[in-house]
Structure formats: structure tokens, C-alpha cells
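J.: What follows is each chain in one-letter form.
2 protein chains.
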Amino acid sequence: MSAATANKVDLGAQMLALGEQARAAASALACSSGAARNKALLLAAREIRANSEKLLAANAEDMAAARERQLSAAMLDRLALNPDRVEAMAQGLEAIAELPDPVGSVIARWERPNGLVIERVRVPLGVIGIVYESRPNVTADAGGLCLKSGNAVILRGGSESDHSSRAIHACLVRALDASGLPGHAIQMVPTTDRAAVGILLRDMAQFVDVVVPRGGKGLIERVQADARVPVIGHLEGLCHVYLHAPADLKMATDIVVNAKMRRTGICGAAETLLVDRELVASHLGPVLAALFEAGCEIRGDETVQQLDARVKAAQPEDWDTEYLDAVLAVRVVDDLDSAMAHIRRHGSGHTETIVTDDAEAAERFLQGLDSAILLHNASTQFADGGEFGMGAEIGIATGKVHARGPVGAEQLTSYKYVVRGTGQVRP
Amino acid sequence: MSAATANKVDLGAQMLALGEQARAAASALACSSGAARNKALLLAAREIRANSEKLLAANAEDMAAARERQLSAAMLDRLALNPDRVEAMAQGLEAIAELPDPVGSVIARWERPNGLVIERVRVPLGVIGIVYESRPNVTADAGGLCLKSGNAVILRGGSESDHSSRAIHACLVRALDASGLPGHAIQMVPTTDRAAVGILLRDMAQFVDVVVPRGGKGLIERVQADARVPVIGHLEGLCHVYLHAPADLKMATDIVVNAKMRRTGICGAAETLLVDRELVASHLGPVLAALFEAGCEIRGDETVQQLDARVKAAQPEDWDTEYLDAVLAVRVVDDLDSAMAHIRRHGSGHTETIVTDDAEAAERFLQGLDSAILLHNASTQFADGGEFGMGAEIGIATGKVHARGPVGAEQLTSYKYVVRGTGQVRP
Numbered sequence: 024m025s026a027a028t029a030n031k032v033d034l035g036a037q038m039l040a041l042g043e044q045a046r047a048a049a050s051a052l053a054c055s056s057g058a059a060r061n062k063a064l065l066l067a068a069r070e071i072r073a074n075s076e077k078l079l080a081a082n083a084e085d086m087a088a089a090r091e092r093q094l095s096a097a098m099l100d101r102l103a104l105n106p107d108r109v110e111a112m113a114q115g116l117e118a119i120a121e122l123p124d125p126v127g128s129v130i131a132r133w134e135r136p137n138g139l140v141i142e143r144v145r146v147p148l149g150v151i152g153i154v155y156e157s158r159p160n161v162t163a164d165a166g167g168l169c170l171k172s173g174n175a176v177i178l179r180g181g182s183e184s185d186h187s188s189r190a191i192h193a194c195l196v197r198a199l200d201a202s203g204l205p206g207h208a209i210q211m212v213p214t215t216d217r218a219a220v221g222i223l224l225r226d227m228a229q230f231v232d233v234v235v236p237r238g239g240k241g242l243i244e245r246v247q248a249d250a251r252v253p254v255i256g257h258l259e260g261l262c263h264v265y266l267h268a269p270a271d272l273k274m275a276t277d278i279v280v281n282a283k284m285r286r287t288g289i290c291g292a293a294e295t296l297l298v299d300r301e302l303v304a305s306h307l308g309p310v311l312a313a314l315f316e317a318g319c320e321i322r323g324d325e326t327v328q329q330l331d332a333r334v335k336a337a338q339p340e341d342w343d344t345e346y347l348d349a350v351l352a353v354r355v356v357d358d359l360d361s362a363m364a365h366i367r368r369h370g371s372g373h374t375e376t377i378v379t380d381d382a383e384a385a386e387r388f389l390q391g392l393d394s395a396i397l398l399h400n401a402s403t404q405f406a407d408g409g410e411f412g413m414g415a416e417i418g419i420a421t422g423k424v425h426a427r428g429p430v431g432a433e434q435l436t437s438y439k440y441v442v443r444g445t446g447q448v449r450p
Numbered sequence: 024m025s026a027a028t029a030n031k032v033d034l035g036a037q038m039l040a041l042g043e044q045a046r047a048a049a050s051a052l053a054c055s056s057g058a059a060r061n062k063a064l065l066l067a068a069r070e071i072r073a074n075s076e077k078l079l080a081a082n083a084e085d086m087a088a089a090r091e092r093q094l095s096a097a098m099l100d101r102l103a104l105n106p107d108r109v110e111a112m113a114q115g116l117e118a119i120a121e122l123p124d125p126v127g128s129v130i131a132r133w134e135r136p137n138g139l140v141i142e143r144v145r146v147p148l149g150v151i152g153i154v155y156e157s158r159p160n161v162t163a164d165a166g167g168l169c170l171k172s173g174n175a176v177i178l179r180g181g182s183e184s185d186h187s188s189r190a191i192h193a194c195l196v197r198a199l200d201a202s203g204l205p206g207h208a209i210q211m212v213p214t215t216d217r218a219a220v221g222i223l224l225r226d227m228a229q230f231v232d233v234v235v236p237r238g239g240k241g242l243i244e245r246v247q248a249d250a251r252v253p254v255i256g257h258l259e260g261l262c263h264v265y266l267h268a269p270a271d272l273k274m275a276t277d278i279v280v281n282a283k284m285r286r287t288g289i290c291g292a293a294e295t296l297l298v299d300r301e302l303v304a305s306h307l308g309p310v311l312a313a314l315f316e317a318g319c320e321i322r323g324d325e326t327v328q329q330l331d332a333r334v335k336a337a338q339p340e341d342w343d344t345e346y347l348d349a350v351l352a353v354r355v356v357d358d359l360d361s362a363m364a365h366i367r368r369h370g371s372g373h374t375e376t377i378v379t380d381d382a383e384a385a386e387r388f389l390q391g392l393d394s395a396i397l398l399h400n401a402s403t404q405f406a407d408g409g410e411f412g413m414g415a416e417i418g419i420a421t422g423k424v425h426a427r428g429p430v431g432a433e434q435l436t437s438y439k440y441v442v443r444g445t446g447q448v449r450p
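Protein chains in written order, with my numbering: chain B, 24 to 450; chain X, 24 to 450.
One should not assume that every hint holds.
Reference listing, derived: stretches of chain X covered by chain B, where coverage requires no fewer than 3 residues with Cβ under 8 angstroms from a Cβ of chain B [stated by the list, open to error]:
no. : segment
1   : 130 to 141
2   : 166 to 179
3   : 205 to 212
4   : 244 to 255
5   : 410 to 418
Beyond 10 angstroms from chain X on every Cβ pair, some chain B residues (computed) [unchecked claim]:
no. : residue
6   : 50
7   : 79
8   : 203
9   : 360
Here are a few chain X residues that face chain B, going by a calculated C-beta distance under 7 angstroms [to be verified]:
no. : residue
10  : 98
11  : 232
12  : 269
13  : 272
14  : 397
15  : 423
16  : 447
17  : 449
Just so you know, these hints were derived from the structure itself, not from any lab. Built from N, CA and C at the ideal position, the CB exists for glycine as well.
Based on the provided sequences and hints, a complete structural model is requested.
T.: Dropping the structure here:
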């Protein structure tokens, strides 16, 4: 047997063991109390605070390697930990502990004419695989959310953040041990070998109930192409702001600038602005001026270019680009129908907003489009589990199956039916 | 280009066209009223009644070919139509029309401290692919349920029922046309070539939102292995009845006989009986006698064999076999924990029932197991959308993602968030 083949066998066996351990942990978690899981979350927060220096030292190793590999400034920023970010992770776990326990809640209850009483009861999904990129905090967030919802989780983070993630993971495992929950409730794939992801997605269907990818388009596409297990899909956020006449100028300006510029790197950031032709003379100039003032680059169609010399010419691919940067594509449309047709064609089904004083047009926009989140007179940057009042989330799902929009603890559950009878048989 | 290659290209192009038409129909359906969809369902029922003779003639062709190919009696029975079964299809469509409209209903509504009003609104999934075996009535049932829930559907039935299914499909399309809904809302794959299923599962992710397989284990496994689109999984129903002491003898006997023998070919039929050792002397004899009297074959462990000479010896594979026939595996267990361990190991996560007067043990069984449906003192044959009061269903889902248990019109929907603001931006 060659060394490469031996390694492959080894990795397969290791992953299998991980799966078996996760399944066993999931069985134990399904019978655990919400109080025990919350206790573990609070202990995990304490472990993270107490080990702040160790986490920062591990992160320094990752950062040094990343600088050597000349990663982009944006990637370095996502990778970096500092005392504030460590504290934020601890607070995040405490916030998850405070969320209502989704497990065991009775979603619906009804009685049949034959006397059978049927309950639909929330249960954990079982074992969740999370595949993410080099953001160390996801280790704590995702581990915490899965634990809250009674699921065992297999984490597979980006290789650049490996030291940081393992140090964080060690804190979580100590907290599990100290609270009497199975240490295998939160496991990490033991290697940064990419083959492990393939095994997780393709060969572990009997151990993994669902995979949640969290990261950029390339990662998501790979997961969706390879997976033989169900995936809760998160595509990119190609979010639109549409200004429809009549619209309040200040509200329109505030929402456009906030939707684009508050944070440009999140999936709820706007990438395209559509403006009614009727509003070009009155609204577009001031809106563009405010965007330029905020440091935004504009790529516009011909009408937009004529309005301001700083506007660059939009190319066809601009309507399909998630910039995640201070760049906005701007297009003038004839009316509501044209705007909706543009969004149907170019959107990713994430989040869109209409700014207008016309309530009827707003309703047509809200009902007629089929994105996960549709807003009227509010910024697309509200596309966030916390802003929805759902607490922490693992991402915004753009698929239609299982969960859509923010994926929090509740969305990481399934349900079962509990039926109580008195001897009923079916005629 | 060889003829085979040309056919492949043709089939690919045909399937692509089907997908584009389905997507366009789904957009139109999403904006259609529940009244229009109900009208089409009632017209479809009328078309089926009016064309009963044509349907029976088409079915006669299928039956003749099936007899020539010497299909089993069970398969011939599933394939056969007669006037009563045609009438049942029509009534099934009328019953679907009477169900509440799931589309557009507001599932939840809350207001945030910043004044944003968030609604979670039920929407169709979009385009559903249904892959089923040679049961002509599924064409009407599945087409009707998808239409009710505002989805476009691509149907792919078994080749043995092709003439029957096409005749039924023609009725549905005439009803769509007559009610002003897109005729492409219910499409059938134009060929019985199995390659079409592969294309549907692997190459049409942009057109198909979810695939629902309906049929035996082989079909489901193929769909789950090949699919690059989400699947609402239906595995087999390896359902258990567990008799736990103390238990009423008459109730136990009635439930066991009903769970096994009322209909042996449905997924909610019991396949394994587990009996507490404590109940062997008092209960097992009479229960076995009633089963034998009903014409059931028993395969038991040693204790069961000693009780009655007619009991055959159970082999290890019997605990993992879905007979779908008048055969029951019977095993004696030490206690509740042994019974639950057996079900966890051998069950398919479909439906299990406990018969006992011990309320505490029943609760442990209902909470501790993780099948889609868990019953206390009732027959497993209640595992059915109609019996749950949910109306028609497309099957009993055993997966944990999206839907679990009976999959009716409501389970064929997703949701979106509609958020109404007054100019809110995110701080």
C-alpha cells in the first residue's frame, strides 16, 4: 500500500469514527435538558474568556502564516482575533444561552374525531456538518447554535484559521465535559486535508443529517455539487434597492447609503440600485452625491452616467456581481414591472427592498417577488437573525427547502409527531 | 452524430424545455388565486369522470403489456384502473380543492423595537419533480397536490403505467387550460427512457426546487444517490409495535392485528412486533392466535417459536425487512430500554407504537425515540395524511429536513419574510 493510499484509508477511518461519535452524541443530546445545554454554553463563554491569551497566541500563528502567504487585507481582517473579538465570542455564547429552547416545544396540537390527540413536537435535526472558511469566530457561533438546538456538530473550518479554531474548539469541549454533556457533541475534522470535506459530503450520509455551508460562492457551489446529504443552501446576497415614485427623498437617500455602505462585506449589503425613470431628475442626483460622499464607486447605465461624470459605465456582468465592496451598480427602469423583472433575472433570492410612498406598489413588490426577505421602506442590511429578533444565526438561507432567511437555533430543528390514543385501530 | 447521441441531445433539450416551461408556469402560479387553482382542481375531477372510458381503455393497454411481461399480481393490482378507482381519483381531486389554501397565509407576525413589522408568509416551493412507480392514480394525486400548493410539477411515472398516466395527465391539462392557468403547471416527462430521470435529478437544478420520490426502496435510493437537487426523502416503513407490561390484552391484540393486517402493502403497516418478556405467558399466545387466524405468517425468536409450532424461525435479516406482506417478525425483549434499542437499530424512522397501561413508560417511548410518528395505544396504520386530518398526501417523509411525516399541500410550501418599515436604517 502506498503512503498516499494509506493516508486515504486513515482519513476515511478517522472520518467514520467522527461520524459514529457524532451520532452517539446526538442521541445523548436529544435526551439532554435545555438547562444542561445552557450551562455548557455559559461555561464555554467562561473558558473562552479565561483562555483569551492562548486564543490570541494561536491566532498569531495563523496570522503569521497568512501574512507569509500574502492573503488579502480583507481575508486577514476576517482571520484576526483581538481581545475585543474574543470577548464578543464569549458574549455571543452567552446570548445563545439566553435564547428560548427550541427543543421539545409543541408546535401544534389537535384532536381527531376518533379521539387521537396529535402533537407536532420540535426535535433536533441530529448531526449537522458545518463547512466554513477562515473566520475563527464561526467555530464558537456554529458550535454554540448547534449545541443550543440539541444537535451534534462536525465543524470543518478553513485551513488558514486552523490554530485559532482548534484553540476555540478546545474551550468548547472543556465546557461540554464540565457540564456532563458528551464531548463529541462538538467535533472538528482532525485535518485540513481538503479530501476530508469530500468524505463528509459524499460518504457520511448515514451519520450526517444536514450540511450547512457558510462562506463565499465557491465554497457553497462546491458543497452543493458534491453533497449526497441534504444542504441548507446559502447563496450569495445580490440584494437590490428599488426607488419607486413617489418616494421621500431623504428616506430614499438614507436607505440607499445604509444598504450599501453601513458594512459592504455582509451578504445583506445592496449591490444594485434600481431607480424609476420618473425619479431621475428629482432623486438620483442627491442619492449619487451622498454615495460618492460616503466613498462609493458607481457603475451606471447611460442615463446614470449622464448625471455625474464620476459614474463609470456598467458592463453587463455588473448586474450579476456581488461586489461585497464599496461599489454599486445603478440602473434606471421604466416602472415597477421592469424593476421586478430585473430582480427576478439577476437577483440571488436573498433580500430586496422597495422605497416608495405608494402602498399599492409596495404590496405588489412584496407579494410578487420571491426572495427570502422582501422589505418596504427599510434597509437591506436588516437581513440578519439578530435584527429579526431570532438571536444568533449561522447565515441567511436562500434555498427554499427546510429553512429560508436567517438560520438560527429554531431553524436547526426538525419535528416529529407524537400521537396519544386509547386503543384506536384504523377501520 | 450517431443516432444514440442525437437522441441524447434531443432528450437533454426536451428536458431543458420542460424545465423552462415549468419555471415560467411556477411564476404565474405564484400570483394565481387559490380560487382559480381550486376551480382547476374541480374541472380536473369533472374531466376525469367524463373521460372514464378513455382512461380505462388506456389502462387496458398498460395491463395487457404488463400481463405479457408477467408482472407480479401485486404490481398488476397497483396498475389496474376500474370505474371505482377512476371515481376515487375524481373525488380525490375534489377533496384537495376543499383543503384550506396554504399559499399566502401568514405563519407568524411580530414587531421589532425599531418599528419594523416582520411577517413570515407561506409561498410555493416553485417547481417540484415527482418520480413515482406504476400507480396511475399518483398522476392525479401528485398533480392535484402540487397545483393546490401553487407549485408547477414535472411528473415522471413508471413506464408500465405510461398510457394510463398520459390519459390522466391530458385531463389535468384540459382543466388548467379551461381555468386560465398555465398548461405547463402540470407536465409529464415526454419519454419512458430512464435517462430522463437522470437528467431531471442531476442537470436541472436551476429549474427544479425539490424532488419527491414516491415508491419502493430501490427508487428512493436511486433518487437520493443521483440527486443534485434537494430531495424530500421517503424511506421504507419498517414500523414496530411494542407491547409493554401492563397492557390490556384485547387492546394489544386489536392493535397488533390492525397494524399488521388491515392493509399489508402500505408503508404504515407494522413489520416487527416486540413483546415484553413479562407478557409472554399472558399475552403472546392470544396475539399469535389472532394473527394466525387473520392469515399472517410469523417469524419469531426462540421464545416465540416455543409458544406455537406454526411460528417459523426468524433470521437476522428479518429484523431489517419491510415485508409489505402478511408476514410479521416477533421478538421478546427484556424491557422498555431493550425495545427502544432494537427500534433505534433496526427501524427506518417512520412509525412506531407502544401499547401499555404504563403512562410513564409510554412517555419515555414517545420522547426517547426519534421516528417521524410515535404513537401510544393506537395502530401504526394511522400514519396517513388523511388520518392526521391533513387531507391528501404524497407520502410519509422519513428524512429530517423540510418535512417529516405526512407530506400534504402545506408541506409542499416554503416561506418568505415580508418586512414593512417607515424608513428604518440599521445603526
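J.: Beyond 10 angstroms on every Cβ pair: is that true for residue 203 of chain B relative to chain X?
T.: holds (18 angstroms)
J.: Check whether three or more residues of the segment 244 to 255 of chain X sit with their beta carbon closer than 8 angstroms to a beta carbon of chain B.
T.: As far as the segment 244 to 255 of chain X goes, the hint holds, because 6 residues have Cβ atoms under 8 angstroms from chain B.
J.: Could you check if residue 449 of chain X really has its C-beta closer than 7 angstroms to a C-beta on chain B?
T.: holds (4 angstroms)
J.: At 10 angstroms, judged by beta carbons, does residue 79 of chain B keep clear of chain X as stated?
T.: Residue 79 of chain B clear of chain X: closest Cβ-Cβ about 29 angstroms, beyond 10 angstroms.
J.: Are residue 397 of chain X and chain B close enough, Cβ to Cβ, to be under 7 angstroms, as the hint says?
T.: Since chain B brings a Cβ to about 5 angstroms from residue 397 of chain X, closer than 7 angstroms, the hint holds.
J.: Do at least three Cβ atoms from the segment 166 to 179 of chain X come closer than 8 angstroms to Cβ atoms of chain B?
T.: violated (count 0)
J.: Would the hint on residue 423 of chain X be counted as holding, given a Cβ-Cβ threshold of 7 angstroms to chain B?
T.: The hint holds - residue 423 of chain X has a Cβ within 7 angstroms of chain B, the shortest such distance being about 4 angstroms.
J.: Go through the hint on residue 447 of chain X and say holds or violated, using the shortest Cβ distance to chain B against 7 angstroms.
T.: Holds: closest Cβ of chain B sits about 4 angstroms from residue 447 of chain X, inside 7 angstroms.
J.: Is the listed coverage of the segment 130 to 141 of chain X by chain B valid when you require three or more residues with a beta carbon under 8 angstroms from a beta carbon of that chain?
T.: Check passed, 4 qualifying residues.
J.: Over 10 angstroms from every CB of chain X: does residue 50 of chain B meet that, or does the non-interface label fail?
T.: Violated: least Cβ distance 8 angstroms, not greater than 10 angstroms.
J.: Would you settle whether the hint for residue 232 of chain X is holds or violated, based on the nearest Cβ-Cβ distance to chain B being less than 7 angstroms?
T.: holds (5 angstroms)
J.: Go check the segment 205 to 212 of chain X versus chain B for me, would you? Three or more residues, Cβ under 8 angstroms, otherwise it fails.
T.: Violated, because only 0 residues of the segment 205 to 212 of chain X bring their Cβ atoms closer than 8 angstroms to Cβ atoms of chain B.
The earlier numbered hints that this structure contradicts are 2, 3, 6, 10, 12 and 13.
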